[in-house]
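Novice: Residue-level listing of the chains:
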Amino acid sequence: MSASAVHSLWTTAADPISKIGAPKIEYGQLSPTLIVVGAAVVGVLIEAVVPRKARYYAQLFVSVVALVAAFAAVVALAAGGYATTKSGIAAMGAIAVDGPALFLQGTILLAGLVGLFTFAERRLDPAAHGNRVDSFAAQAASVPGSDGEKAAVKAGFTTTEVFPLLLFAVAGMLIFPAANDLLTLFIALEVFSLPLYLMCALARRKRLMSQEAAVKYFLLGAFASAFTLFGIALLYGYAGSVSYATIAQVVDGTVPDVNPALADTMGNDALLLIGAAMIVMGLLFKVGAVPFHMWTPDVYQGAPTPVTGFMAAATKVAAFGALLRILYVVLPGLRWDWRPVMWGVAIVTMLGGAIVAITQTDIKRLLAYSSIAHAGFILAGVIAATPSGVSSVLFYLGAYSFVTIGAFAVVTLVRDAGGEATHLSKWAGLGRRSPLVAAVFAVFLLAFAGIPLTSGFAGKFAVFKAAAEGGAGPLVVVGVVSSAIAAFFYIRVIVLMFFSEPKPEGTTNPRSPPPPPPPQKRRRPAPPPGKAGPPPL
Amino acid sequence: MSFPLLTATAVLPAIGAIATAAVPAAQRTVAKWLALLFSLGTLALAITLLVRFDPDGDRYQLTESHAWIADFGVRYELGVDGIAVALIALTALLIPFIVLAGWHDADPLETGSTRWRPTQGFFALILAVEAMVIISFEATDVFLFYIFFEAMLIPMYFLIGGFGDRAHEHGEKVASTQRSYAAVKFLLYNLVGGLIMLAAVIGLYVVAGNFSLTEIAEARASGELDMATNTERWLFLGFFFAFAVKAPLWPLHTWLPNAMQEATAPVAVLITAVVDKVGTFAMLRFCLQLFPEASKWATPAILVLALISIVYGALLAVGQRDMKRLIAYASISHFGFIIMGIFAMTSQGQSGATLYMVNHGISTAALMLVAGFLISRRGSRLIADYGGVQKVAPVLAGTFLIGGLATLSLPGLAPFVSEFLVLVGTFTRYPVIGIIATFGIVLAALYTLVLYQRTMTGPVKPEVSAMPDLRVRELVVVAPLVALLIFLGVYPKPVTDIVNPAVKQTMSDVQKKDPQPEVEAAK
Numbered sequence: 058m059s060a061s062a063v064h065s066l067w068t069t070a071a072d073p074i075s076k077i078g079a080p081k082i083e084y085g086q087l088s089p090t091l092i093v094v095g096a097a098v099v100g101v102l103i104e105a106v107v108p109r110k111a112r113y114y115a116q117l118f119v120s121v122v123a124l125v126a127a128f129a130a131v132v133a134l135a136a137g138g139y140a141t142t143k144s145g146i147a148a149m150g151a152i153a154v155d156g157p158a159l160f161l162q163g164t165i166l167l168a169g170l171v172g173l174f175t176f177a178e179r180r181l182d183p184a185a186h187g188n189r190v191d192s193f194a195a196q197a198a199s200v201p202g203s204d205g206e207k208a209a210v211k212a213g214f215t216t217t218e219v220f221p222l223l224l225f226a227v228a229g230m231l232i233f234p235a236a237n238d239l240l241t242l243f244i245a246l247e248v249f250s251l252p253l254y255l256m257c258a259l260a261r262r263k264r265l266m267s268q269e270a271a272v273k274y275f276l277l278g279a280f281a282s283a284f285t286l287f288g289i290a291l292l293y294g295y296a297g298s299v300s301y302a303t304i305a306q307v308v309d310g311t312v313p314d315v316n317p318a319l320a321d322t323m324g325n326d327a328l329l330l331i332g333a334a335m336i337v338m339g340l341l342f343k344v345g346a347v348p349f350h351m352w353t354p355d356v357y358q359g360a361p362t363p364v365t366g367f368m369a370a371a372t373k374v375a376a377f378g379a380l381l382r383i384l385y386v387v388l389p390g391l392r393w394d395w396r397p398v399m400w401g402v403a404i405v406t407m408l409g410g411a412i413v414a415i416t417q418t419d420i421k422r423l424l425a426y427s428s429i430a431h432a433g434f435i436l437a438g439v440i441a442a443t444p445s446g447v448s449s450v451l452f453y454l455g456a457y458s459f460v461t462i463g464a465f466a467v468v469t470l471v472r473d474a475g476g477e478a479t480h481l482s483k484w485a486g487l488g489r490r491s492p493l494v495a496a497v498f499a500v501f502l503l504a505f506a507g508i509p510l511t512s513g514f515a516g517k518f519a520v521f522k523a524a525a526e527g528g529a530g531p532l533v534v535v536g537v538v539s540s541a542i543a544a545f546f547y548i549r550v551i552v553l554m555f556f557s558e559p560k561p562e563g564t565t566n567p568r569s570p571p572p573p574p575p576p577q578k579r580r581r582p583a584p585p586p587g588k589a590g591p592p593p594l
Numbered sequence: 147m148s149f150p151l152l153t154a155t156a157v158l159p160a161i162g163a164i165a166t167a168a169v170p171a172a173q174r175t176v177a178k179w180l181a182l183l184f185s186l187g188t189l190a191l192a193i194t195l196l197v198r199f200d201p202d203g204d205r206y207q208l209t210e211s212h213a214w215i216a217d218f219g220v221r222y223e224l225g226v227d228g229i230a231v232a233l234i235a236l237t238a239l240l241i242p243f244i245v246l247a248g249w250h251d252a253d254p255l256e257t258g259s260t261r262w263r264p265t266q267g268f269f270a271l272i273l274a275v276e277a278m279v280i281i282s283f284e285a286t287d288v289f290l291f292y293i294f295f296e297a298m299l300i301p302m303y304f305l306i307g308g309f310g311d312r313a314h315e316h317g318e319k320v321a322s323t324q325r326s327y328a329a330v331k332f333l334l335y336n337l338v339g340g341l342i343m344l345a346a347v348i349g350l351y352v353v354a355g356n357f358s359l360t361e362i363a364e365a366r367a368s369g370e371l372d373m374a375t376n377t378e379r380w381l382f383l384g385f386f387f388a389f390a391v392k393a394p395l396w397p398l399h400t401w402l403p404n405a406m407q408e409a410t411a412p413v414a415v416l417i418t419a420v421v422d423k424v425g426t427f428a429m430l431r432f433c434l435q436l437f438p439e440a441s442k443w444a445t446p447a448i449l450v451l452a453l454i455s456i457v458y459g460a461l462l463a464v465g466q467r468d469m470k471r472l473i474a475y476a477s478i479s480h481f482g483f484i485i486m487g488i489f490a491m492t493s494q495g496q497s498g499a500t501l502y503m504v505n506h507g508i509s510t511a512a513l514m515l516v517a518g519f520l521i522s523r524r525g526s527r528l529i530a531d532y533g534g535v536q537k538v539a540p541v542l543a544g545t546f547l548i549g550g551l552a553t554l555s556l557p558g559l560a561p562f563v564s565e566f567l568v569l570v571g572t573f574t575r576y577p578v579i580g581i582i583a584t585f586g587i588v589l590a591a592l593y594t595l596v597l598y599q600r601t602m603t604g605p606v607k608p609e610v611s612a613m614p615d616l617r618v619r620e621l622v623v624v625a626p627l628v629a630l631l632i633f634l635g636v637y638p639k640p641v642t643d644i645v646n647p648a649v650k651q652t653m654s655d656v657q658k659k660d661p662q663p664e665v666e667a668a669k
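Chains as they are written, first to last, in my numbering: chain A, 58 to 594; chain B, 147 to 669.
One chain only, chain A, in its complex shape (with noise of 0.2 Å):
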């Protein structure tokens, strides 16, 4: 046989696979995923092969340089058209590469970077046997309380899988506001999802808090993931199809052709307004809106600050990103049916936010019934359903996720003996002892209330503009009365810090910001001999 006829033989049998045809993959465009996604697998392959001591600093390498990559290539896209001119689909239609997307994009990975830093803080808890660690437990498969959690605590164990999974979970959240068609928006979803529900788990003390926020999200999230994940087959059902420009010519009666296959049940009104009304559902428990909401102030509480930060803001960008696709895509057409429905979601995540906000006494749960509340005003600029509503709704995601995270920051930093004091009893007075973390944190709880000079005042005055102008007025207003009432636990604990006194107790060991030294005093009582290597840091 000679080389050509093995040649036409090869090429002969290859014929019908070529019929499929390979898919056309834009790498450049989408690039900043795939520099996220790949980081993610290299920091698995840390974990496998690179010595314990060495994990932790390979990691932070490995992250910071692909978050800073990632969103060196979102603004090189974003400068070389791609947000205006340029934009476009890429990935067969999986992907949409456009302004919204891309802004998106750089907001979660600069939250993800900034809170890659907090994940990465190992000066704020006491060292360990010498060894000093993070907010993470020193083995999650560790039982907690038991022999084997002692021995990881001794031994000097840190969980630095949390890298990989913090970048998986970015790399899930650029994907999700981006997605083009309803199956990469599942996956997309899942993709971030379950990083979270197990990073959650991860607390280094109150661990079993931890856990079970953990498994109430998990359990939700799952429920909420089903509830999508069902909305999408009706919504296939529909339309024959799951990308987003089909489905809305759909909507619009506009279809070019129709699959002869699916002409039965297409055009069906009722598999459209129940499969839209459930993918929203999933989307609504991501952003935690009411009534989607019960998770949020449990997960926040339980799950690791740094986390919870992170999650607070990150997941916020990108549920909302994709929210807005769906809604302005691939439902326009279906806007007077979702538009009554928001309102009453919008109306009741304001009010129900600020209202059970008021009664809080622990810090991070009141900052996620703040969040819910936020969440109620991103949705009014949601509803107005004009392109002032996409750019206020991206501008108040933007400044509300890092004003969230930074806040979040703040809280790792108010500590006592047993770790977080997230009590607002030990906030009493921390004006006096620690000026700068309280005046800081000021500074984030005025931002929250949208007081005017901070960004939160131009986020909200955007979003409630945008209402306004698409004829939501009454919205505005209950906006307005709820904004007045969110401001009353803002400033309670403003006065809490500057103008209560210190409680006794509160004061045991009062943290200042980490510039000044390390607390020597704290370390000294347990010198672990012979372990005592000299500190990573």
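Derived from the structure by calculation, the hints contain no laboratory data. In this text, a Cβ means the ideal position worked out from N, Cα and C, and glycines have one as well. Mixed in with the good hints, there may be bad ones.
[Stated by the list, open to error] Selected chain A positions facing chain B (in silico; Cβ < 10 Å):
#1 141
#2 145
#3 170
#4 174
#5 177
#6 385
#7 488
#8 492
#9 511
#10 525
Based on these hints, arrange chain B on the given structure of chain A.
Specialist: Frame of chain A, contents of chain B only:
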């Protein structure tokens, strides 16, 4: 491009605030002098502004306009009319006195106390408030105004909540609770007012498409911009509510007595003489110009509320046992007069109201600061703890008397002119309201003179017997204020000349003419 005088006047105290805050903790005295220096510099700029302002020129002068947030239709637009110039001058004038009067208010307490009193912060916050107040007097863009109208609450809040009188009759723990209560009450009242205004601001944008006061007012006057009657009324109410809380007008006044009682005397002056003026000023500038029809529609109700403020404030002042609370209620009564003058819709009324804002600032500052000096000597705010002070500290008693007499509008002192104008202006259109309001003056005489009689005359109380008279620093604060009270009482022309043209313009905005005297009309 000419020198941006308006921006400079607002930015200088802001720079001062930052510079003062940046002074190291040990250099307390440096911070104080720096604050004084910056406030004097601002005063110099304000005087330049007074000189450069031409009362007979354009309506808005020294205007500055720059693009700012194009997406929101927001521009950085500044401009002053006579009313704004007068109030900027008042603000810039009072701040150095406030700084001087509060020279020792934020010193750390004796060793052993855990109270946290950052001196630098106190003076930086005062300058920050000054900067925000000045820019809100200058802003001709509704959004720009709103930002600073709201933002000034935050430094004010820390001033009230963070710094109280040195001594308190119930000890430090109660004092700090009451202080933070007063601060939170102040903030919540004003924040709610401001947020309701925010809804109205957004509503205005939806209706008008931009935030420029001049453009909207012009479009309204020429009929280009037509607002539905109900829309206009709702928007008016949204704006007016915020200003009425700030002013404060009965029944939204209850934060003021708490705040003034708990704050130190200089901060109380800052609240009532400076910050509250933004409320009444904004009624003139924004309510009347943007919503002339709705303003006319609401006039009867507002006049009645103002009247209640006058009488109710004065009555409650009579019954107070706490000196600072008494002055607070007196201020509520006076704000009633100012609002009545504005909404009487006569040029005497509005000129009188503007003049009243200036005079009330000076007279309250004089009375309150002297009262503060008195309180710091004895360590009590209760009137009953004093007696016979005039025998021990005659200069203090004398200046207190002049401040008090100015508050009751004695002829020959500045407030008389303005109160008279307001009453005349109201009387020509609403005689009954004018007559009832006059009783406010009688009550003012009662509360002021009783206050003076109980504290200054009579037998010398033993606790008071060793009381020192005014020190040089305190004299420097009080003497110019007293001199101004007398000067403007005899010769108010410099202020009225600046104010009157602006008032005429505002009157023409609401298309109201002064009522003709009866005799002429009968001819």
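Novice: Are the hints correct? Go through all of them and say.
Specialist: Hint check results:
no.	hint	verdict
1	141	violated, 16 Å
2	145	violated, 25 Å
3	170	violated, 27 Å
4	174	violated, 27 Å
5	177	violated, 32 Å
6	385	violated, 18 Å
7	488	holds, 7 Å
8	492	holds, 8 Å
9	511	holds, 9 Å
10	525	holds, 5 Å
Hint compliance for this structure: hints 1, 2, 3, 4, 5, 6 are broken, all remaining hints hold.
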